[in-house]
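Given the coordinates of chain A, assemble chain B onto it according to the supplied hints.
Protein chains: 2
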Amino acid sequence: MRCSVLCVGTELLLGQIYDTNSTYISERLSELGISSFEKRTVGDNAERIASAVVDMLHEADALIVTGGLGPTHDDITREVLADLMGVDLELDESVASDIEAIFAKRNREMNKNNLRQAMVPIGARVLRNPLGTAPGLQCQLKVGGNAKTVFLTPGVPHEMEHILEASVLPILLSKKQDSNVIITRTLKTWGLGESALAEKLEEMVIQAETGDVKLGFLARGMNGIYIKLSVSSPSIEMAKELIVPIEEKVKEKVGEYVYAYDQETMESKIIDLLKETKSTLSVCESLTGGMVMSRLVEYPGASEVIAGGMVTYQTQVKRKFLNVQAQDIYSHECAQQMAENLRKELKTTFALSATGVAGPDPDGGHVPGEVYVGISSEEDLFSEEFLLGGDRQRVREYCTITALDVLRKHLLRGLKRPT
Amino acid sequence: MRCSVLCVGTELLLGQIYDTNSTYISERLSELGISSFEKRTVGDNAERIASAVVDMLHEADALIVTGGLGPTHDDITREVLADLMGVDLELDESVASDIEAIFAKRNREMNKNNLRQAMVPIGARVLRNPLGTAPGLQCQLKVGGNAKTVFLTPGVPHEMEHILEASVLPILLSKKQDSNVIITRTLKTWGLGESALAEKLEEMVIQAETGDVKLGFLARGMNGIYIKLSVSSPSIEMAKELIVPIEEKVKEKVGEYVYAYDQETMESKIIDLLKETKSTLSVCESLTGGMVMSRLVEYPGASEVIAGGMVTYQTQVKRKFLNVQAQDIYSHECAQQMAENLRKELKTTFALSATGVAGPDPDGGHVPGEVYVGISSEEDLFSEEFLLGGDRQRVREYCTITALDVLRKHLLRGLKRPT
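Protein chains in written order, with numbering that gives the first Met the number 0: chain A, 0 to 418; chain B, 0 to 418.
Source of the hints: derived by calculation from the structure; they are not laboratory data.
Please note that the accuracy of each hint is not assured.
Copies of the same chain look alike in the list, so a pair counts if it fits in one copy or across any two.
Straight-line Cα separation of at most 16 Å, EDC-like style, residue types lysine to aspartate or glutamate; simulated pairs [unchecked claim]:
1) Lys199 <-> Glu108
2) Lys111 <-> Glu208
3) Lys213 <-> Glu240
4) Lys227 <-> Glu30
Every value quoted in this text rests on a predicted model; they were computed, and no experiment measured them.
If we strip away everything but chain A, and leave its shape as in the complex, we get (with noise of 0.2 Å):
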C-alpha cells in the first residue's frame, strides 16, 4: 500500500506560508505501516493540480490532497477532481446545513462563497469536518486501469488532522494488504543534544539498524529530543515483546531525562502529578512573561491545581508587587525570592520561578541565557541556575521548559520522599 501526498496552495509554493500538514500526514501514515512514496505541492492551477494528482497515482495507490477547499475563487481542488472523475459537482445538503450550523453557532452571517464548500463531486463520499465548513471527500479515479482513491482534506492544520484521524487513516489500514500492525513507543527527552544522546545509545543505534526495532531521534525544538522506537509485527503481543526489552535498556542509558512518553507532555505530566499529590501551583514568571503559566493551562482541569501566577517583568513590579528584596533580579536568591513570596501570597503547595536575561543584549553584567528557576514549598526552597543558548525567543522557551522539567524532577523525589 503507497500512499502520497499532495499540497495545494499558491501560498506554499511562494514560501509564504510553511507546510507543516505533509510533515504531520508522513508522519501518520509511516507510523501505520504505509509508504509514504513522494510529497509535492503545486499552485492553486487547475492544470497543474490535475497533472500532479494523475502523475501521482500512476505509482501511488492512494493520495493524500491537502488545501484548495476553501471558500474562495482560488479553492479549485473540488472543481479539478470532478472534471477527472467526469462528474458535475451536486449541493450536499447534509454538508450545507453543516455549514449553516457552525455559523449560527459562531453568530456571523453565512455568506453565498461558504455554500461553494458544500459543492461535492457526483459519486465523492463527505468526510464530515465538525471542526469547519470544508468537508473532506473520497473520490474514487481510475488510473492506467487501476482504481486509484483520492483524498481531499482542508489546508487548515487542525482540520486536516481530525478529517486524516476519523475518516483517511481508518479507510487507507482497511484497503492495507499486509496484516502488520506498527507499534511505536516514544520517549521524550529534555536536557541533552541528540549528538550526545546518540553516542550514550550508540549500541542501540547500530542493533536497530539491522534488528526488528527501529530507533530514532526527532529534534522538537523546546520539547527537547524524542528518542522513537518502532517495530512491525505479525500482532501487537510480538510487537511488544520486541520493543519492551530494548525501551528497558534505553531507559537504563538515558532514564533520567525522559520526562513523558507518547502522548503525554511535560505539562500533562505535572499536572499529573500535582493531582497525584493534592498538590497546588503558583507560577511567577520574569523573562517566560507568561510562557511557563500559558502551557500548563493548556490542559482542561488544570484549574484544580493551577492557582495563579504572577508576571514581575519590570523590577520595580518585582520590589513593589512581590516584595524581591534581593539586589541582583538575576539570581539565586531573587528566584528564590520570588518562588517564596508568592507561595505565601497564595497560599499553594508549590511556587515555581524564572528570573533571568533573555537577551539580544546582556544586562547589569549578566549574558543572555543565564537564567536561574527557583522552587518553593513548605519543606524546601532551592534555585538552579541554567546558561540557554539561542536568540531572544529561544532562550524564553528553553527557559519555559527547563523550568517546568526542574519542577517536575522536584514532585517526582517528593513522591519518593518517605513521609
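Frame of chain A; chain B shown alone:
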C-alpha cells in the same frame, strides 16, 4: 525563468523532520521574481531522485535540489547527477582541502567517508561552502533537447541558505530574461473570516485576476487573515505606482480590520503605540493564562512599557489576590474589575484583562468561547464580549489576539482624542 525545488531525504518523506528549506528557497525565488513552479520531496533512492530531476526539468528551466550531499552511504545525490550527466565523479582537491581545514579547525579527526563530499561530477561547478563539509554544485543537463541547470545544495538549513544567497540566486538572476522586480504589500487583518473579506473585496479580487497587481488571502490562525498584494514591474517606482491605489481601495473597504503591515505584528504595533504615548501596560489574564503577556514580551525593549501582570486563573485568586467582587467571573463586571484593580495595584497607564470559558465544557451556564475583554485607564473603564469558535487551545489563542486588538483600537482612539 522557472525554477522548481526538489527536497531529498527519507526523513522528510517519513515526516521525521519539518521541511523549512523549500519554504526558504521558494520565498527568496518569488521575491526575486523567479517563478517557483513545483516542489517535490523524495526519499534517498537513486531511481526516485533521477526520475524527479528529469521530470521536473521538463517544465522548469532550473532546479534547486537540497539534501543528500552528506558523507554517509545514503547520501547519493552527487552520484545520481553524475549518472544523469553521463560523467564520472572525480576528487576536487580544493574541496578536499576545505574539508580537511574544517576538521582541523574543529579539532576533529577526518574519516575517509568525508572525502566522498569532495567527489564532484566532471564538468560540474563547485559552489563553496564555508559553513560545512558539503559544497554546492552547479550541473548542466540536457532534458528534452534543452540545456537545463541543476543546483545541488546541502540539507543543513544554514549551509543551504549561504550557498543559495552567495552562489545560486546570483547565477539565476544573471540568467533571468526580464529584469522585473516584485513588490509585495501585506495587510494583516483580524475580525473577519476569509470569505467575508473576499466578499467585501470582491471587486478588487476580480480586477486582480486580470490586472497587474495580484491579490491573495493567507489564513494565519491567531494572526488573522493576511491580504497580500504583489506586483511585478520594471522598476520599484512603477511597482509602487501600481500597488498604492489598490492598497488604498482595500483600506477603504476593510481598513478597520487591518491591524499591521508587512513585518509589523499585533504585539510590535501595541508596543510602538505605548512607547509613542509614553504609557505603561499591565495585563490580568484568566483563560489565556499568560499568553497575552508572553506574546508582548517577545519584543526586545518590551520592558520599557510592559510592567507586568497577573494570571488569576482560579476564582479565589481573582477574589483574594485581586479583590474581584463580581459574582459571575464570566462577565463584563469581572473583566472590568480585573483590569481596574490591577492597574491601581501596578500603577500603570493602562490595564488589559481577559476572562471567559476556554472549554471544552460549558461552565456555570456559559458556553465555551464566551470571553470578556476589559480595559482600564484613568479616563476609561470598559469591556467587550466575544463568542469565539474552535477547541480549547484555539479559544485561548483567539482570545489573546482579540484582547490585543481591543487594546490596539483603544490606543489609536486615544491618539486621535483632543487633549
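The hints, checked one at a time:
For a Cα distance limit of 16 Å, the shortest separation of Lys199 from Glu108 across copies, 13 Å, qualifies, whereas the shortest one inside one copy, 59 Å, does not. In the homo-oligomer, the alpha carbons of Lys111 and Glu208 never lie at most 16 Å apart, since the shortest distance is 56 Å inside one protomer and 20 Å across protomers. Taking CA atoms no more than 16 Å apart as the test, Lys213 paired with Glu240 passes inside one copy only; the shortest distance there is 14 Å, against 59 Å between copies. When the C-alpha separation of Lys227 and Glu30 is checked against a cutoff of 16 Å, the pair qualifies only within one copy, where the shortest distance is 10 Å, while the shortest distance between copies is 37 Å.
Going down the numbered hints, you'll see the structure goes against just number 2.
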